[in-house]
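Trainee: Can you build the whole structure from these sequences, using the hints too?
Protein chains in written order, with this note's numbering: chain A, 24 to 296; chain B, 7 to 346.
Bear in mind the hints are in silico, worked out from the structure with no lab data behind them.
We treat Cβ as the ideally placed atom computed from N, Cα and C, and that holds for glycine.
If a hint is listed, it holds; no wrong ones were tucked in.
The calculated lysine-lysine pairs, modelled on DSS-like cross-linking and capped at a C-alpha distance of 30 Å, are:
(1) A:Lys-101 / B:Lys-164
(2) A:Lys-85 / B:Lys-164
(3) A:Lys-257 / A:Lys-212
(4) A:Lys-161 / A:Lys-212
Sample of chain A residues facing chain B (criterion: CB under 10 Å; computed from the structure):
(5) Asp-119
(6) Met-120
(7) Val-181
These are the residues of each chain, in order.
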Amino acid sequence: MADLVPSRIEVRDLTLTYGHDTVLDALNLPIPRGKVTVLAGPNGCGKSTLLRAIRRLHTGQKGQILLDNVDIASLGAKDLARQIGLLAQNPSAPPDMTVEELVRLGRYPHQAMLQPWSERDGAAVNRAMDGTGVTGLKTRRIGSLSGGQLQRAWIAMVLAQETDVICLDEPVNHLDMAHQLDCLDLVLKLNQEDGRTIVLVLHDLNLAARYADQLVFVHEGRVRALGQPEELMKPELLAEVFEVDAAIMTDPVHGRPICIPRGRARAAVQEVA
Amino acid sequence: MVSTLAMSPQSQGLRLGPARVYAGLILLLALSMLMSLTLGYKIYSLDQVWMALFAHDGSETAVVIAGLRLPRALIAPLAGAALGMAGVMVQTLSRNRIASPDTLGLNAGASLAVVVASIMLGVQSLAGLSLAAAFGAFVTAIVVFGVAASAGGLSPLKIVLVGVTFASLSHAFVEVLLTSNEAQLQQLLFWLSGAFVDRPIALFYNGLPVVIVGGIIGIGLSRALDALQADDSTAAGLGVPLAAVRGLAFVAVALLTGAAVSMAGPVAFVGLVVPHAARRLVGLRHIHQLPAAALFGAVYATLADVAARFVIYPVEAPVGAITAVVGAIVLLVLLMRRAA
Numbered sequence: 024m025a026d027l028v029p030s031r032i033e034v035r036d037l038t039l040t041y042g043h044d045t046v047l048d049a050l051n052l053p054i055p056r057g058k059v060t061v062l063a064g065p066n067g068c069g070k071s072t073l074l075r076a077i078r079r080l081h082t083g084q085k086g087q088i089l090l091d092n093v094d095i096a097s098l099g100a101k102d103l104a105r106q107i108g109l110l111a112q113n114p115s116a117p118p119d120m121t122v123e124e125l126v127r128l129g130r131y132p133h134q135a136m137l138q139p140w141s142e143r144d145g146a147a148v149n150r151a152m153d154g155t156g157v158t159g160l161k162t163r164r165i166g167s168l169s170g171g172q173l174q175r176a177w178i179a180m181v182l183a184q185e186t187d188v189i190c191l192d193e194p195v196n197h198l199d200m201a202h203q204l205d206c207l208d209l210v211l212k213l214n215q216e217d218g219r220t221i222v223l224v225l226h227d228l229n230l231a232a233r234y235a236d237q238l239v240f241v242h243e244g245r246v247r248a249l250g251q252p253e254e255l256m257k258p259e260l261l262a263e264v265f266e267v268d269a270a271i272m273t274d275p276v277h278g279r280p281i282c283i284p285r286g287r288a289r290a291a292v293q294e295v296a
Numbered sequence: 007m008v009s010t011l012a013m014s015p016q017s018q019g020l021r022l023g024p025a026r027v028y029a030g031l032i033l034l035l036a037l038s039m040l041m042s043l044t045l046g047y048k049i050y051s052l053d054q055v056w057m058a059l060f061a062h063d064g065s066e067t068a069v070v071i072a073g074l075r076l077p078r079a080l081i082a083p084l085a086g087a088a089l090g091m092a093g094v095m096v097q098t099l100s101r102n103r104i105a106s107p108d109t110l111g112l113n114a115g116a117s118l119a120v121v122v123a124s125i126m127l128g129v130q131s132l133a134g135l136s137l138a139a140a141f142g143a144f145v146t147a148i149v150v151f152g153v154a155a156s157a158g159g160l161s162p163l164k165i166v167l168v169g170v171t172f173a174s175l176s177h178a179f180v181e182v183l184l185t186s187n188e189a190q191l192q193q194l195l196f197w198l199s200g201a202f203v204d205r206p207i208a209l210f211y212n213g214l215p216v217v218i219v220g221g222i223i224g225i226g227l228s229r230a231l232d233a234l235q236a237d238d239s240t241a242a243g244l245g246v247p248l249a250a251v252r253g254l255a256f257v258a259v260a261l262l263t264g265a266a267v268s269m270a271g272p273v274a275f276v277g278l279v280v281p282h283a284a285r286r287l288v289g290l291r292h293i294h295q296l297p298a299a300a301l302f303g304a305v306y307a308t309l310a311d312v313a314a315r316f317v318i319y320p321v322e323a324p325v326g327a328i329t330a331v332v333g334a335i336v337l338l339v340l341l342m343r344r345a346a
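Mentor: See below:
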């Protein structure tokens with residue numbers, strides 16, 4: 024087990040309520056240093072809310088988020104933004120903004136109010152654009168980019184923030200299969216080459232199992248289970264958390280577990296007929 | 007080698023680099039102010055202007071130039087600069103490229119305050135009316151901001167909806183007050199469409215420090231405003247204190263609009279048109295967008311003021327009517343381009 028890696032982030036008793044709805048219910052979660060943690064769960068389970076809470080974006084959240092044993096409530100907004108980066112779900116910016124202008128936004132937490140743009144800022148922006156392969160697009164307006172290019176530009180923006188922890192909220196939502204893999208491979212590279220701690224919210228369970236070091240099933244505002252994908256991808260657990268009847272197999276290419284839901288797929292329907 | 011030569015200007019669009027843009031706009035501003043001094047019902051030579059400004063001999067020509075032409079040649083660019091910067095900030099705050107101080111109801115609030123001051127409080131002096139205008143813009147800003155904030159979050163859409171609601175309400179009150187006080191209608195009508203003519207130069211000196219303060223706040227916030235062009239989650243994730251930045255930027259908008267309205271009345275659509283030009287010239291970073299909007303706004307308002315003297319020559323047209331026509335055309339083009 025990967026439990027020997029000390030937790031970089033420790034979520035303790037995190038509770039968040041909207042009116043009478045309890046979205047997160049005394050949730051506890053360790054996020055190990057230098058690993059890819061993937062939050063998965065059915066719609067409305069609170070996984071995106073949890074990710075945003077780790078970045079302290081909700082008012083009225085109760086409980087503690089410890090980052091290297093420091094409660095993030097004690098950190099200033101810019102301090103926190105230098106340590107945890109966030110790629111929001113469906114982020115937006117004006118279509119006539121250039122890629123370079125977008126990536127430069129990532130330097131915000133590193134700059135004092137009227138401090139001039141430094142060489143370090145420029146180097147960080149160039150590194151972020153190189154690392155995501157958007158350097159050649161830097162004068163392009165983001166409204167003219169393809170979905171895959173645009174997502175790379177956004178990842179570059181978060182990279183320019185130079186944070187050790189990067190949170191990504193459903194980063195592959197609107198991408199086709201090739202670009203989903205392209206984007207997640209890029210995220211994996213950030214983890215493996217730079218040792219960054221990655222927290223991902225993913226909808227697709229098979230992608231989650233494929234990229235996660237630690238997989239987390241969020242269910243009704245709590246962590247229902249966490250561990251390596253092999254430990255979590257069990258038919259009983261999937262039935263309970265996702266309400267699907269699924270067969271689990273091992274992906275012959277990567278050796279990761281994949282689930283095949285027995286729904287009303289065409290073959291099954293034909294079989295019945 | 008050949009291709010770099012052929013491609014470089016196109017890939018940058020209209021963006022020439024801020025230094026060249028500033029230099030060009032400053033040159034244009036000087037030129038348009040000179041036009042404002044020389045051109046009009048009577049056309050003066052550069053010698054006469056020079057004499058009136060620097061060697062005032064008490065002649066009628068010198069009196070007209072120094073007393074009538076000079077104030078408007080100073081007030082028009084200052085009001086245009088203020089509205090240009092206010093427009094940039096409003097469009098960023100509301101994430102809406104067709105928003106402007108007009109959309110937030112600030113001009114309407116200023117008009118209402120002027121009408122109330124004139125009809126109900128008996129204020130007659132221009133200084134009194136201009137103070138009322140600034141007060142009206144400022145109070146409207148606070149009310150719109152307060153209502154939008156209390157309605158849960160300060161979403162861009164909410165700010166605009168509250169602003170439009172208040173604008174309609176203010177307009178309704180203005181109509182009612184004007185209809186029931188026809189005697190004063192004529193006197194207020196010219197003011198209510200916005201103009202730079204017949205303004206005492208004192209208004210310029212009163213407005214200048216306010217515009218400078220508003221501009222400095224905007225420049226100070228420029229990086230936060232850059233980040234606010236992205237969605238709230240992204241901006242908050244970058245460490246931008248959203249409520250504080252919005253509040254401060256709103257104060258700057260109120261100061262700038264209030265100063266402009268106090269000098270010139272509600273000159274329509276300047277705050278809508280100018281930011282589009284500024285972004286095309288220098289891009290989306292506010293550290294350049296705001297100064298470019300100030301300069302372009304100054305040139306635009308000054309040229310509109312010169313044009314106002316000739317469209318129905320020898321009678322002078324209200325400059326607000328000119329900017330309204332230009333603004334309406336730009337707005338239509340923007341809307342059609344968006345629909346396409």
